[in-house]
Structures are given as C-alpha cells and as structure tokens.
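Next come the chains, spelled out residue by residue.
Number of protein chains: 2
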Amino acid sequence: MKKLQENRLHEKMKAKSKKLNPSRIIPLSNNRLARSVVTLGYDVKALDSAAKLKEDLPELKIRLGGKAAGLAVMAKLRVPVPPAFNLSTALCQIYLMRQNLPEVVLKNSKLALEGMQRALGKKFGSADQPLLVSVRSGAPISMPGMMDTILNLGLTTDITRALAKKNPEQARFWWDCYRRLITMFADVVLGLDRHRFDSALDNQKKSESVKDDSQLSAQSLEGLCLENLDSIRSSGKDFPQDPWQQLVLSIEAVFRSWNTERAVHYRQLNGIPEDWGTSVTVQAMVFGNRNELSGTGVVFTRDPSVGTKKIYGEYLMNAQGEDVVAGTRTPHPIEHLNKQLPKTYKELTVVLNKLETHFNDVQDVEFTIENKKLFILQTRSAKRTAVAAIENAVQFVKEKRLKEADAMSRISYEQIDQILHPSLKPTDEVPMGRGLPASPGAASGRIALDPEQAVQYARAGEAVILVRRETSPEDIMGMAASNGILTATGGMTSHAAVVGRGMGKACVVGCNELQISEADRSIRLGGFSLKEGDTITINGGAGTVYRGVLPTQALSWTPAAQKFFGWADKFSRLKVLANADTPDQARLSRELGATGIGLCRTEHMFFESERLREFRKMILAHVEADRRRVVEKLAGHQVFDFARILEAMKSLSVCIRLLDPPLHEFLPSEHDEDELVEIASSLSISMNQLKERMQALQEVNPMLGHRGCRLGITHPDVYEMQVKAMALAMKENFEKGIKTKLKIMIPLVSDAKELNYLLKRLQKSFESCLDVVDSAHRKDILKHTKWGTMIELPRACVTAGEIGKDVDFISFGTNDLTQTTFGLSRDDSAKFLGLYKELKIIQIDPFESLDVAGVGALIQMAVARAKAVNPDIEIGVCGEHGGDPSSIEFFNAESFDTISCSPFRVPIARLAAARAQLIQLNSKSKKSKTKKAGRR
Amino acid sequence: MKKLQENRLHEKMKAKSKKLNPSRIIPLSNNRLARSVVTLGYDVKALDSAAKLKEDLPELKIRLGGKAAGLAVMAKLRVPVPPAFNLSTALCQIYLMRQNLPEVVLKNSKLALEGMQRALGKKFGSADQPLLVSVRSGAPISMPGMMDTILNLGLTTDITRALAKKNPEQARFWWDCYRRLITMFADVVLGLDRHRFDSALDNQKKSESVKDDSQLSAQSLEGLCLENLDSIRSSGKDFPQDPWQQLVLSIEAVFRSWNTERAVHYRQLNGIPEDWGTSVTVQAMVFGNRNELSGTGVVFTRDPSVGTKKIYGEYLMNAQGEDVVAGTRTPHPIEHLNKQLPKTYKELTVVLNKLETHFNDVQDVEFTIENKKLFILQTRSAKRTAVAAIENAVQFVKEKRLKEADAMSRISYEQIDQILHPSLKPTDEVPMGRGLPASPGAASGRIALDPEQAVQYARAGEAVILVRRETSPEDIMGMAASNGILTATGGMTSHAAVVGRGMGKACVVGCNELQISEADRSIRLGGFSLKEGDTITINGGAGTVYRGVLPTQALSWTPAAQKFFGWADKFSRLKVLANADTPDQARLSRELGATGIGLCRTEHMFFESERLREFRKMILAHVEADRRRVVEKLAGHQVFDFARILEAMKSLSVCIRLLDPPLHEFLPSEHDEDELVEIASSLSISMNQLKERMQALQEVNPMLGHRGCRLGITHPDVYEMQVKAMALAMKENFEKGIKTKLKIMIPLVSDAKELNYLLKRLQKSFESCLDVVDSAHRKDILKHTKWGTMIELPRACVTAGEIGKDVDFISFGTNDLTQTTFGLSRDDSAKFLGLYKELKIIQIDPFESLDVAGVGALIQMAVARAKAVNPDIEIGVCGEHGGDPSSIEFFNAESFDTISCSPFRVPIARLAAARAQLIQLNSKSKKSKTKKAGRR
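Protein sequences appear in the order of chains X and L. Going by the working numbering, the first sequence opens with residue 5, and the numbers climb by one from there. Going by the working numbering, the second sequence opens with residue 5, and the numbers climb by one from there.
Hints were generated in silico from the structure; no laboratory data involved. Hints should not be assumed to be uniformly reliable.
One copy or two, it doesn't matter: identical chains are merged, so the pair holds either way.
[Said to hold, decoys possible] Quick list of in silico lysine-lysine cross-link-like pairs, DSS-like style, CA-CA up to 25 Å:
no., residue 1, residue 2
1, 844, 809
2, 764, 841
3, 71, 49
4, 783, 314
5, 835, 757
6, 809, 80
7, 49, 210
Here the structure is a predicted model, which is why all the values come from computation and not from measurement.
Model the full assembly from the supplied sequences, consistent with the hints where possible.
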C-alpha cells in the first residue's frame, strides 16, 4: 500500500512535470537559466531565494529536488537552516548535453556563494573563519544512495595546515575532514577506485596497531592526506588546490551521477522518467563538535511510541550526528537542554511548534548547534508506532488542526496490521531467511513438520510453528493448533496464506531457500540446520524467519483507536463483513468491527477429525443407504455449528456458503492404511473398490472440476442436508428469542438454470423443516432468510442478467474469478509471476489487488446486468480482494453494498472503505464544481 | 445436427401453436368442435375435409398430428390413400378434462364413418363387404411407440364367424384379425394385462406343438378368441359386440394414452408441451393379402444407394407389409409390377412423380394394392446414402427443381462424414459395447493396449485399434500407428477425441463399460473377454464396438460431390482452413478443400521419439549451456518441418502456433528408469536431481498453469528458436521460388504487455535470420509474414482493445476459452455433464457447440473491441468449434474471416459456412423487406 501511495505521488508529479515543462531537453532561456540558481536560508539580491518561490511542495520537489524543497520550505518559514543554494534539476539535462555549466549559472553560483559567506561571516577557501560546504544530489523522487555526495569542500593542504596550526586541539579534526574530502573527491569527481584510499587507511591503522579511525593522530592523518594526494597525482589526475575549482568540478560530478549505471537501473525498475534529472545543493557545513557550546540531536514533536503530546528526543553536546547514533556516549533527554542552553532550547521548541503546525503532522527533526546557534538540518513526518499514529490523529482532530475526514489518511494500512497482531519488538537480530509476508504478526514456537506433531506440541501446551513445503486442507487442524505457519512454496494467496490470514495466524510463505527433510526431521535455512522441536520466530508482517524466541509486543486496541474507527464507519458507504467459519471467529469479527459475516465456509466444519472420517465415508459410499446414514449424522453437527455461529452474530447477518471444494480434497491419504481399512470395512467394500473409488474422484484440473454447485446437483442430499440444518439452526435461535439473520449462498454458478434448479429444490427442503414451527416464527424465519449466489466465473458475469433475476444477493468470489479470467492457477503461477513483475508485464499481483482492466471489467458488466433485472439486489465481494484497499476503492466506486474479508483485515477494510468513499465524494464534488464552472 | 434441425422445427411449431391457440385448455366453441372432425381422402358435406384445409404442413401437424397431416397432404394431391377421418389434437385436452367426447364430435364421427362406407362401398359392422378400421394416435411431433393403436376394429364374434363361413379359405385370416383386435382392445381400452392373452397363444401353440402363429388353424384361433373373451368377462370387463361402441371406446383410449407414464416422461425429456395433445385418426384398413390381385411394397423415387434417377423398390403380391420385411418370401423388383398389373404400375409411377414434385425431394413410399386398387400408406423423404444424397441434390439443380442455394440444405452433416471416412457396411451384428462417436469412420484391427504394442503391430503390417483407459500426449506415436482408437473415459473433446479427429482416425471414447486389465493384457466389454491381439471393429460415427472384423466401404468423393462443394464455396463468406501439423495433413487438408492452415501445433513435432528425448533434455537441463545445445539441435528439425508444411500449402497461408502445452506434458514417465538414467547422465546430474526437477514441473491445475506465452517469456530461447526456424523455412522456400505465406501465432495471451513484449523480442529474432538473405527476398518474406495471437482467455476478450492493436490477426481458441469461461475442465466435466443434460440444465455440450450466451458474448465483445482499434485485423477461430455447424453460424454472423478445423471436418465446415451465409443473407433481406413494408 505504501507502494501505491508512492505511485500516486509519482503520477501526480509526472503530471505536474509535464505541465511545467513539456520537454526538459529544450535548452532553457537565459532568464530561466539565471533563475536556476536559488538561495535557501539567505537572500542575494540578483537571485531567486526560497522566500520568493511560489510553487507548492510537489512543484518545489520537481524544480529543486526533494531535499532542497524541504530546506526551501523551512527557509520560507524562517526556520534556521544552514544556508545553501540550489542548482535546479532543469540544469541536469543541460549539463549532460553540453558537458559544461553555462556561464550565467557559474556566475550566479559565485554570487550565491558570496552571499552565503556574508550571511555566515565565514569565508570559503580561507583558514580564517573557514566556510566548508557539501555538494549533494536531489531528485524529485527519492533515489536513496543512487547518486553522489561530497562533503567538506573548501579545504586545501595549505588551509588545513593553517587551521591545524591555529587550533592544535582541532588538528586531528581538520586533517580528518581533509582526508575524507580527498577520498570522496577522488572517487566521485576523478573517477578513481576508492579502494586504494581505503587500503591506505587500513595500512596506517595496522602499522599503528589501532582499530578505530579516531585513534589515529593528527600527524598520521596528515601523512595519509599527503600520501593520497601523491597517489592521485600518480594516476595522472589532480586534486585541485583551488576551492572554487573543487566546487565546480563537484557540482558537475553530481550532475553526472544521474547517469551512473545503478541510477539508470533504479529508474527503470521504479519507472522514474529519464529526463527528470537531479538537482545539486551546495550547503554550508555546520559542526556540532566544534566546541562545548555546540551539539547535535534528534527530536520528535510528540512521543513516537505512544503519541503523548510532549516533545521527545535526545542530544549530545560537542558531538556530531554519528556520535548520537553510535551509542559510544549516552545522550541527554531533550529537556536537559533547557538547563544547558535555555535560549537555544526555547528557540528549538518554537521551531518545532512552527514545523508541526506548518506540516500539520508530528515531525521528526534533526538539529545541530554550532556555538549556541541552532540549525535545523532536516524535518519530516515522524515515523511512529501505530498506537502513536492513531493517538496523534485523534489529538489533531481535538486540537482542530485536522478534520475527521482528513484524519483517515493519517494511518497506513500496515500500521493497522501492527495494532492487531503481536509484533516483534525492534531487533538487531539478522533473519536466517526471508519469504513473503503472508499474514501479519510475530510468533515463536517449536518447529513441527507435520500437523500431527503440531497438535501434539499444542496439547502439551507448547507454542508451535508449523513448517511445511506447502499446506493443504488436510493440514487445517495442525494450522489451527499452531501459532504461526512457515512454508517453502506458494504465494500471497496460497493455501497457507489464505487460511493463515483467515485464522489470524502469523504466516510466512514462499521461503524458497527453506529445505525440509522429512527423513531426519530437520530443516535447513540460511546455512543453519534445525531439528523438529527447535524454536524459531517468524514475523509475518515482514516475511522474516529467526532462530530462537524473540520478544514480541501484543495487540493494542486503545480508546483512540475505537474513536478513530468510529469515524471511519461514519464515512463509509460499504458495509464491512468478515469471512468467519466458527463461533470464535464470528465473535472476533464483531470485536474487530465487522457488521456481519459475508462468508462462512461450511467445508471447514468437516475438517475436525471425527467428522472428516464420517464425511469421507459419505463420499466413498457405494450404497445409497450408507450415504444417507452418514449424511444424517453430519446433519446433527451442522445444526450445532450453524446455530452457534448465528447466535454469536445475534442480529447481524451470516452468509453461509454451501459445500464448495471438490470431494477429493477430503479424501484420506492413500498411504493411511489404517483409515482406509476402517472405511472399507464400515462400507463393506474391498480395499480395491475403495481405492478405485478414490482414484475416480481425482481430477486433472481441480479448480475447473466437480465442485461448488456442481456437487449440489450431483449430490443433492448433501446440499439438502445443509439447508435443512440451517433451517433448524434458525428455528433453535428464534425459539430462544434471538432473531438471527441468514443468507444462503450457492457457489460456482455458471448459468441461471443451474442456480434456479438448486434454488427451487433447496428452498423446498428449507421450508420443509419449518412445517413443525409455530406459524408466526415460520413467517419470521422466512423473512430473515435470503438466498443468493457467488459469482466467480466469467460466464456468470456475462449472464448475470439471468442469474441475478431470482436471488436476493450476489457475492463476487474474486479469487476464483481472477484465476478463471486470467486462466491462471494461483497454485502454479508463482513459477512465472515473479519474472512477469520483473519485466513489468504485470505491476501488481492480480491475486493481491483486483485487476481492474480485466476482472474489474467483468464485474462491472455483471453488476450492471444484475441491477438491470433486479434493482434491489445486494452486491458484495468475499474474495481476498475484499480486504485490499485499492480493490475496495473499486468496489466502492461500483456501488457494491458489502465487502467481506478475514477478521484481522476488517479494521483495514473499514478504513479503506472510508477513504474510498471520501475519494469518491471528493471527485464527485470536483466534477460538479467543474460543471458549475463550465456553466458560468 | 439432426437434433438441431428437429429443435428448430420444434420451435417453429411451438410458435405457431401459440399463435393458433394461446391456451388449448379453453373449451372450443361449438363451431370449432364441429370442425375438429376432418375427413381425409373423401368428402362429407357437413365436415371439413383435407381438400378444404388451408394450413401449411407444420400447421397441419399441429392440428391433425403428424401422421394425419401426411395423409391430408396426399389427399389434397388426390393421391389415393385409404380413407380416414381425424379427431384433432385440440380434442385431446377436452376429452381428458371431461372424460367423455362432446356430442357434436360423436355425431360428426358417425357422419364421417358413414361417408367412409359410402366412399369404399363397404359397411362397418357387417359381414357383407365389411369395413374394418384402425384407430391411431398422432402427436404434432413424432413420439414413436409412446401412444397406443388399435387395428381391425369392426369385427365381432358373429361377424367373424359369418366372414369365415362365407370364405372358408380366409377363415384363418379373419379369426386371426379378430384375435388381434381382442388382445389390443383388452390391453389398450380395458387396461388388462396383455400377458394373459399372449400366454394363451403360447399355450395353444405348445399344445399343438407348432412354433409359428401362422401354423395355427382357423379352428384353434377361433377357440383362442372365445377363450380370451371369457377371460375378459371373468375380469369383470366386457369386450363390446357393438362395433360403434368398440370404436368410441378405442378413440377415447387413444386420447387417454397421451397421459401414460412413458408418454409423459418422453415429453419431459424432449421438451414437448403437455397441452399439445394427440389427435386420433380412424382409417379404413386395406389388405394386400386379400387375394392374388392384392399386394404391398416399398418404393423410392430414385435409387437411395447411388442416387440414379429411376424408381427403385420391391413388392410382394398377396402379402402384408410384414411379409416384405420378414424376408420369408423373396419380393419382386418394382419394375416387375408393370407386367403383373400394368395399369396399377402406371398409376404408381404417376403418384411417385407427383409426390416427388410436391415435396421436391426423393420420396420413400409405402403402398398397398387391394384388389388392383392402389393405396399409398405413407410417403416421406427417402433415407439414402451420402453419395445418393449429393447426387440427387445435383440432379435436382440440373432439373431446375432446386436452386443451388437450396441444394445446400439437402445433405446432412452426418452424411458428409460418411463420404469422408470408410464406413461400416450395413450390418445386423450387435455391438458388444457403446461409447461416444468421437471421430467418424469405421476401423478394424488388433487390440493394442499400449502405444508401443500399437507401433509393433503396425510395423508388422497389421491393422491396430489402440485401446486405452484414456490417451495422453505420450501416446501420440501409438495413435498415429493405429487405425482406430477406443478409450474407456473422456468426452467428445478428450485428448483421444481431439487428436483422433485431427488425424482422421476412427475413434470411440468414453466407453464406460470397457474394463482394461494391464496385468493379463485383456479387456472386458459387454460380457466378452478379449486378449490383446484379438481383432475388434469400431464405428466412430456411431460410437459402437464390435468383435472381429466387419466389412467396410471406402471414401467416395464423386464428381457430383465436387460440384456440390464448389457451390458451397461460392456461397460462403468465411474462409475454411484446417488444423494440420504435418506435411501429410497439409496435403490432405488441401484435397478436402481447405484454403490454408489455421492452426499448426508445433508441439506435435516434438513427439517423435528421438526428438522427444532431446526435448526432455532441454526441459530438464540445469545448465544453460546444455539447454542451448539441445535447443540448437531441435532448431534443425523445426526448420525441416516448417519448410515442408509451408511448401505443401504453396501460396496458401500456414498459421504456426508457438509452443503451447505445459512442459510437464513432455516429461518421461517416472517409471521409465532407462530413459531417466540416460537423461540424467547426458545432463550430468544425479537421478535425485532429475526427479526433483521433474517434480518441480508438476502442476495442480495444468490448464491454468505455466504454458503458452508464459513459457515463451520464461524460456525465451525456445520461442526464439521456433521463429528463427520459421524464418529459415521461409527463406528456403523463397529461394526455391515458392512464395509461401506464414502466420506466427502467440498462444494464451492475457494482457497486451505480455504480447507486445514477445512480439518485439520475436520479431527481432525473426528478422535477424534474414540478414543474410537477398534484400528483395527479405522484403518479400517480411511482407508474407503476419503476426498474431490466440484469444483463449476471458481476460484477453475483455482487453482485446489493447491486444488487438499491434497484431495482424487474432484467432479464438474456443476450447480453452470455453473451459475458462465456464470454469469447466473438459477432462473432468464428464462426471457431471451427463446429469446436467438429463436435468436440462444444459441443452448442448459447450465443448461441442459454442455457448453463444456466455462464451459467444465474450467473443462478440472481443471482436468489437479489436476492430475498433484495428479495423483491418483478421478474425478467426481454431478451436473444435471451427468445425461445428451451429457455431459456424455464429462466427459467420460475427463477421469472422476464417474458421479452422481438423482436416476431415473441412467439407462439413465448407457446407456449414455456405449455409450460415445463406441464412444471414436471408434474414437480412427479410429485415430489409420488413423495413420497406414499414415505410409504406
């Protein structure tokens, strides 16, 4: 989802970029060339400065690059930033074509540099109040680490020597600055292999038998500098001793770095246009380690952990940023600064308030103090926990900084996942392996290699991670018993992933490197070999796998969260339902805010071992009487199950799907001789007959086989048993005074005749069970029971004008609809979908996010046709896409009534439903405004 | 197809029926009641008679029932028929409601009977010139054997006795007539079990130690009659001795027989409306066995075997119809009658000519002569061989009785199949089993239970029938070596069926009762047990299986057939292409009239054993170099194959599809240790590695898996090799001066990006091979090469507006499109499609005839969208439906350019294409007429 948001910004910026400058390759006019040098944080009469810029932030990013845009905004706000000037992105193409910088640009850069000297009272290329600068790249969209940076420009051998001499206690500092400059310059500007400089440093440390750079003396560092300069000369290159020349060469090198191989590759992968270019920012260097009145720190405008409204952060005096990070010295809490430098502290709090107010969001701010003077280096929206994010959103609404509607965009979907699942505490532990993050949450436990072992550990009260090549319906009991699931194969919608999410279990799938040896009950991953029973930890939100037990933190459903989701529900038009198969899941769904059950899969009720045994007998019976006997027995279980689930949802509706999977999914293993013997004997058939029957049930393409309503037609007694059980379950609740609401759903319909045949037959069965019921109740039960079908085949979409006539509702099964529309089995597609993504043939896995152009077009057609014949028909979705925000946007736009997803996706779906409706209202009001404008 | 035509008539009649009488249950007015008795073949002043009826044939059938309608037409033509009167179908509901016949009907029936007496000079209920009548049912649509008939009405004990006395030589005849009347009456009218009467007859024969009825004396028969009458009385029922009463009761009983259980069931199965009702026809009986001036016979207006224009038939004097059929006496050729009864013969030829002219088709006529007087009992379009049918059609056109366009409907598609395949000579042999008629033609040969054995027999020069549970691509060589194929499972589009038709082999599939024992190399079917090597015969046109070798007759492609298909091509708008994979098949396709190859499947070229071995190595290679080596080797074979096929088609285009099936279809059996060892060693990998690799290639749903262009993207070297081979094959032919035409087709595309990625890459490969070619040739080759894609996924249909942009042609793969649109695997659907048909949930198997409402709607959408972006795009179909007439009608209506089918379907497709276009022109001209009429 983050990706998606980025894509949107991206699109927006692309659009702006086109508007601003249709072809960046056209040389800029002289006037525009002159305006391509902009000062940030100080003014120079002849030049544009931040204060004069009129662009909004995306426009600024396109013109100045992302980094300088941030500085420009701060400068406009009169927040103290280290003065800087920017050579705009437009110059990049010009430079790359001409291979030199236009005169006017050089002239204006010089003006800008002189202005900077005046502003700081420092001098570039001087040992007296020396001004050092950095030269940094900055593309409109962040390309982290792809392009080059040079620090400490302005030093030469003479200047460094003079500075060292003037302040002997800083000699080491200045020589080290100079050494770094030489190395970076040689690498970036002169194109020399930086390896030789690193080796020189290593050799020096070895010869002095020290481990750390900081242990090298000023003298050693001076020696290194001179050695490096010699080395450069011997390559036929030159490190200029003229600081201005250094600066110009560095600016050119940074422009050139737009076209390094890695940058080009990165842009191809991320679809960033070639002609955008990078900007170059030349910024004064400030040093928090200059003296005891200097320092550096990081501060949040509110507590990023729980969201409390109180500034929060740390700082170190006489230190650089890296000292805070390295942890060699213990930083002070930010309040302490009030004692050390009360004026500066005061200034900082004012700045923080200003930034939070301007950006209207909690900020994460880096600052440096040089000689009591405060500089803000960077501000950005604070990364915070989900709890804090929601807390802050609710605070901002209370403080009237934010409308409730706007608060909806303040929490990311990933963060909601964090709230709902136990998560790993931050850790430095290196994962032993990675797979796909199939179902969020962290879980630790013993490795179990089969479901039986998992159940055994669970019974002994041990936490379990079920580790399988892949899971199948037979593993259900083992999955239920486990705390987490790890598989070697499969994608985001593989069996393990779907069931894992449904159960709210942490789940990592497609961990390709994972090797499982059944023979010696062990696994191999990332070079480690672990036995069954050893403990591992998986992080289903990140797809990572660790050895041992790592500490986790639990679910946090705060009062602020309650309030926040209340707002979401207010904005939503879509009703959010849950996919739930048990009373426990039903209750969980309610807690998480579902307003009904959109999909209750009856097949999962047959997986409990005793019932599974009975079910198998039913499938395998040759004699009608045997079948009927078993069906009767199963009926009792179903009445019990249905009654409990309905009761758990009280007045909220429960949509129960009739048996769907092909029968062979229920068969015992061919190798389970014990069970086979038992079944054969109870059915009075030979083992051969039994095996033949099992063989006959196998299918070449089970996805396209004998399942869903096709079973209902060939095995009418099963469907009849199920609807009768539903009728009895309704009766039971009504007689207890609980007026439950039932929806009966017929799966895999491809033609109206198929549906109508079953409807007629099943409605008769259902009503036949109510003959004994009190007539008022009977009427009431019939009123509370709706009949519908699942649309999961292209043909059902095309013929929805027939199918929709005689049902109360239709629900799209988008998983299967995607499979059939694409002709793509989710079990088999992992083999090539990876490459498809790499080649950009597909952008997003259609099983994760609805394929609007293909599957979406069929859905649109189906909705239109069904509503044309039955305007009151209820339209829903109960595939995996029901929990995917961008798919939800589509369903909302297509006027769906309900979406249904796994319980732990419900809060995400609630938020997504709210956002979708807000987007739609917004686009409608824009359209109507445009219309009105058009009329004037 | 016959079914289809019947359905159409059915629909037409239904429509008429509605128009004529929207609700048949409304009691008729007295006037209409009066008109419900109609005389046929004679006039009665107060009544309607055939001559007065204005209805056309379908309307007559609705009013009078099918049988009487035929009599009415003959009567109108003044062809001598035994006089009859009809009680119309409308009376059926009236009678069934009232349980008696209205007075006016009884009165008019009496009038009609009196008229009949006058017309014949006979008297009903008299021993002097006795009139005997039959009472027969007749529904608007034939329901053979479903309702009741009573013969010989008019006899009583006294009358019979008197007749016997008057003509002692006919005593046996009259008593036998009376006996039959009593039995039928007791059964049909009185509802007694006819078993007791049959036993009485058997007992009598036993007691006289005779075997045949005809050996019983007049006396014995008289005894039997009296015994039967006693038996009826003892049941408390009565056989009326009043002939009029007999008649009325019989009429009522026949009306009642509309509602017998079997009739109701038959109507449900065949969708015949309940309220149509049966009519009752009372007809004078005529006796060809009355004397030596009487006789009976069957005659065709032209020779039904080869079509010669010359009447053709046989007759027997002093005989009944059953004597001709029984074969106890040898009948005379019809010409002989000219000598025996020249006047009657002359009259017969006049009648025959009149009937042929009126019905404008060759007639098959039953006649009886009673005392030199000719009666025509029945006329109908003559059943004839395909050769005769085509001969007749061409004759009729020459004789200006028929327009060429109308000749198109004179041959059924089944008949064309007959022409093309060797067929069984008519036989009385009882089949030992039945399956589905998957590929027409008859074939005999030794049973081979696996492809190896089939190849072995074939090498030894023996004819072979390959008998398998089902076939798979590995069986290809064995199938090619066989004369016919028989499988136990699978439907009309199973592998065996599709490949069988493609190869033009006789094929019977889905012979469910067939049991194959691999262990003792034997099969069981229909109670017989046969060993491998025993001979059987299969009739692929009928789905029958016989023991031993039965005589067959060979292909007959006569001059008349040539002319006939020439006309068909003239009327067609669609170009008919063939699916052909080898030069032999290409040549056969041309002979059968294909104007190009619409689908050449490259995968079949890899099934030859040596190549298959190489191909397997390519699939299983871990090392890139090994792969490339094998790909190079295969390239040579492909150039050879492609060059030969292109050459065989000369200037006609050849559309070659790039590799389509999933790779695992090519894998060796896991049990074939020898080959596995060979492969592993040649690839320098361990057996375990090999097996792992094979395992990794398995798929859960192969139909939705890693195949088609998905392989092209993950294994670009294979597709590149194939297009390079095509380029070299084109070059080879062009350099020989043969300007061949190539179409390259990319299968299983789901998105335009996928297609465009491959097009770009493959066009480059193709062109790279032409760098060495003379530049004029090069240009020419590029001009003669078109690029296209197969549309076989719903998503490709929906996004055809993108997919169609950059290709020269698209071809619908309707087999797979049907599978994905319905979510229905053709391999697995046999389990329930039978029941679906039985329950009328589907009417026609969508794999046999295109599902217009679903798949058709997607195709319509795709064509519209593709043409919108690319008006010149060529649209074709190459699925099985390309050879199905009703599907062809759809493709023609949707403005397709080409249809492609297996070679032996080509003539059918040519005819179907002509008919489809004629239908379309017809409906257009009707529409334009309606429009014009509207304007007036």
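Against the structure, the hints come out as follows:
no. : hint        : result
1   : 844 <-> 809 : between (41 Å within a copy, 19 Å between copies)
2   : 764 <-> 841 : between (46 Å within a copy, 18 Å between copies)
3   : 71 <-> 49   : within (24 Å within a copy, 110 Å between copies)
4   : 783 <-> 314 : neither (60 Å within a copy, 76 Å between copies)
5   : 835 <-> 757 : between (38 Å within a copy, 18 Å between copies)
6   : 809 <-> 80  : neither (63 Å within a copy, 50 Å between copies)
7   : 49 <-> 210  : neither (53 Å within a copy, 135 Å between copies)
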